[in-house]
Each structure stands twice: as structure tokens, then as C-alpha cells.
Amino acid sequence: MDKKVIELLNDQINKEFYSAYLYLDIANFFNDLDLDGFANWYNIQAQEERDHALLFLRYLQSNGIKVELKAIDKPDKAFVNPIDPLYAGAEHERYVTDLIHNIYDAAYSVKDFRTMQFLDWFVKEQGEEEENADKLIAKFKLFGDDPKSLYLLDQELAARVYTAPSLTI
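In the numbering used here, each residue carries its 1-based index in the sequence shown increased by 159.
Please keep in mind that the hints were generated in silico from the structure rather than gathered at the bench. All figures in this text were calculated on a predicted structure; none of them were measured in a lab. No residue lacks a Cβ here, since even glycine has one placed at the ideal position from N, Cα and C. Errors might be hidden in some of the hints.
What the hints assert, rightly or not - Below, computed lysine-lysine pairings styled on BS3-like, alpha-carbon distance capped at 27 Å:
{"hint": "1", "residue 1": "Lys163", "residue 2": "Lys236"}
{"hint": "2", "residue 1": "Lys225", "residue 2": "Lys270"}
{"hint": "3", "residue 1": "Lys236", "residue 2": "Lys162"}
{"hint": "4", "residue 1": "Lys162", "residue 2": "Lys225"}
{"hint": "5", "residue 1": "Lys163", "residue 2": "Lys283"}
{"hint": "6", "residue 1": "Lys270", "residue 2": "Lys283"}
{"hint": "7", "residue 1": "Lys236", "residue 2": "Lys225"}
{"hint": "8", "residue 1": "Lys300", "residue 2": "Lys236"}
{"hint": "9", "residue 1": "Lys298", "residue 2": "Lys236"}
{"hint": "10", "residue 1": "Lys294", "residue 2": "Lys162"}
{"hint": "11", "residue 1": "Lys229", "residue 2": "Lys162"}
{"hint": "12", "residue 1": "Lys163", "residue 2": "Lys225"}
{"hint": "13", "residue 1": "Lys294", "residue 2": "Lys283"}
{"hint": "14", "residue 1": "Lys163", "residue 2": "Lys229"}
{"hint": "15", "residue 1": "Lys283", "residue 2": "Lys307"}
{"hint": "16", "residue 1": "Lys163", "residue 2": "Lys270"}
Claimed, not checked - Simulated restraints, written as ranges between beta carbons of each label pair:
{"hint": "17", "residue 1": "Pro306", "residue 2": "Trp280", "range": "35 to 45 Å"}
{"hint": "18", "residue 1": "Glu290", "residue 2": "Tyr321", "range": "36 to 46 Å"}
{"hint": "19", "residue 1": "Trp280", "residue 2": "Tyr254", "range": "14 to 24 Å"}
{"hint": "20", "residue 1": "Gly303", "residue 2": "Gln276", "range": "34 to 44 Å"}
{"hint": "21", "residue 1": "Val269", "residue 2": "Pro241", "range": "42 to 52 Å"}
{"hint": "22", "residue 1": "Glu250", "residue 2": "Asn222", "range": "25 to 35 Å"}
{"hint": "23", "residue 1": "Pro324", "residue 2": "Glu227", "range": "21 to 31 Å"}
{"hint": "24", "residue 1": "Asn222", "residue 2": "Ser308", "range": "41 to 51 Å"}
{"hint": "25", "residue 1": "Lys229", "residue 2": "Asn190", "range": "20 to 30 Å"}
{"hint": "26", "residue 1": "Ser221", "residue 2": "Ser308", "range": "23 to 33 Å"}
{"hint": "27", "residue 1": "Gln314", "residue 2": "Ala230", "range": "31 to 41 Å"}
{"hint": "28", "residue 1": "Glu290", "residue 2": "Lys270", "range": "23 to 33 Å"}
{"hint": "29", "residue 1": "Asn187", "residue 2": "Glu250", "range": "33 to 43 Å"}
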């Protein structure tokens with residue numbers, strides 16, 4: 160594998176673990192507000208990001224590449240009101256999409272078709288992640304100022320369950 164592609168894939172492991180930390184931080188914020196459904200939604204986001212990191216790790220290992228785990232930064236976002244973390248989550252998903260696209264571009268430039276095929280799932284996943292984040296913001300804007308509606312939205316988010324990715328390497 161190309162050295163640059165390996166470096167980007169290895170860095171992505173760290174970025175995915177950071178994403179999990181960020182979403183755990185957001186879940187903690189909502190937990191402190193007693194919005195358990197929102198906390199559940201972001202706890203599940205954290206689980207997904209952790210599993211994404213492990214998928215990148217296994218992909219490198221399956222290609223005989225030694226993985227270098229790096230320190231995970233502490234989330235640095237300060238949230239004042241309940242919509243702040245929703246915007247932070249959406250912004251972060253767009254950032255991760257850019258990271259995935261950069262890895263894909265690097266793999267494409269060296270005709271690393273196997274890595275491109277591996278990344279296809281992540282490209283699709285990021286589209287879904289951005290859509291989900293944007294929809295959550297739209298729902299909050301629509302219902303967030305009304306306590307009864309916010310309660311119903313919180314209940315909807317509480318019903319979310321985790322489904323592990325079925326991607327095989």
C-alpha cells in the first residue's frame with residue numbers, strides 16, 4: 160500500500176475515536192439536562208464511531224500494516240443551549256466526510272482500488288450521517304421551543320437502538 164494512504168487511514172482511526180469522544184461529551188451534556196433520549200442518540204453515535212475506528216484498524220491489519228494508535232484529544236466544544244451540540248455534531252460529520260474524501264482521493268491517485276472499495280461504504284455512511292444530523296436540527300428547530308413537543312422528540316430519540324455495521328474486511 161502507498162505510504163500516504165496508510166498514513167491517512169491510520170490517522171482516520173484516531174479521528175473516529177475522537178468522534179466517539181465528542182459524541183460521548185454531547186451525550187453527557189444532554190444527560191445533565193435530563194434529556195435522556197438525546198443522550199441515547201449521541202451514545203449510539205459514539206458506539207458507531209468507535210466501530211468505524213475498529214473497521215479502519217482491521218483494514219490496515221488485514222493488509223499487513225502495523226497500526227499506530229495516537230493520543231485522542233479531549234473534546235473542546237462548550238455547549239450553552241440544547242441546539243449547540245446538534246450544530247456541533249452536524250459540523251463534525253461534514254468534517255469527517257471531508258477526511259473520508261481525502262483518503263479516497265489519495266487512494267484513487269495511486270490506483271489503490273481495494274482501499275477505494277473499502278471506503279465506498281464510508282462514503283455512503285457519511286451521507287447518511289450528515290442527513291441524520293441535519294434532520295435532527297430541523298426537528299429541534301420545529302419542536303424545541305415547545306416543552307411538550309421537545310418531550311415527544313426526546314422520546315423518539317430514546318427509541319433508537321444500536322446496530323453494528325455489517326461491513327466485512
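Hint consistency between lysine 300 and lysine 236 [alpha-carbon to alpha-carbon, up to 27 Å]: holds (21 Å)
Pairwise beta carbon distance, glycine 303 to glutamine 276, judged against the given window 34 to 44 Å: About 41 Å separates the Cβ atoms of glycine 303 and glutamine 276, which means 34 to 44 Å holds.
Range hint compliance [Cβ, asparagine 222 to serine 308, 41 to 51 Å]: At roughly 49 Å between Cβ atoms, serine 308 and asparagine 222 fall inside 41 to 51 Å, so the hint holds.
Do the Cβ positions of serine 221 and serine 308 conform to the proposed distance bound of 23 to 33 Å? violated (47 Å)
For the pair we were handed, lysine 270 and lysine 283, check the Cα-Cα distance against 27 Å. holds (20 Å)
Keeping to a limit of 27 Å between CA atoms, is the pair of lysine 163 and lysine 225 held or broken? holds (14 Å)
Hinted pair lysine 294 and lysine 283, Cα distance within 27 Å: holds (17 Å)
For a C-alpha distance cap of 27 Å, please report whether lysine 163 and lysine 236 respect it. Given pair lysine 163, lysine 236 is violated - Cα atoms ~30 Å apart, limit 27 Å.
For the pair we were handed, lysine 163 and lysine 283, check the Cα-Cα distance against 27 Å. holds (23 Å)
For glutamate 250 and asparagine 222, compare the CB-CB distance with the range 25 to 35 Å and indicate the outcome. Holds - the Cβ-Cβ distance for glutamate 250 and asparagine 222, about 32 Å, lies within 25 to 35 Å.
Satisfaction of hint between lysine 307 and lysine 283, Cα-Cα up to 27 Å: violated (35 Å)
Take the C-alpha atoms of lysine 229 and lysine 162, compute the straight-line distance between them, and say whether it is at most 27 Å. Roughly 17 Å separates the two Cα atoms, so the pair holds.
In the structure shown, a violation is registered for the earlier hints numbered 1, 3, 7, 10, 15, 18, 26 and 29, in ascending order.
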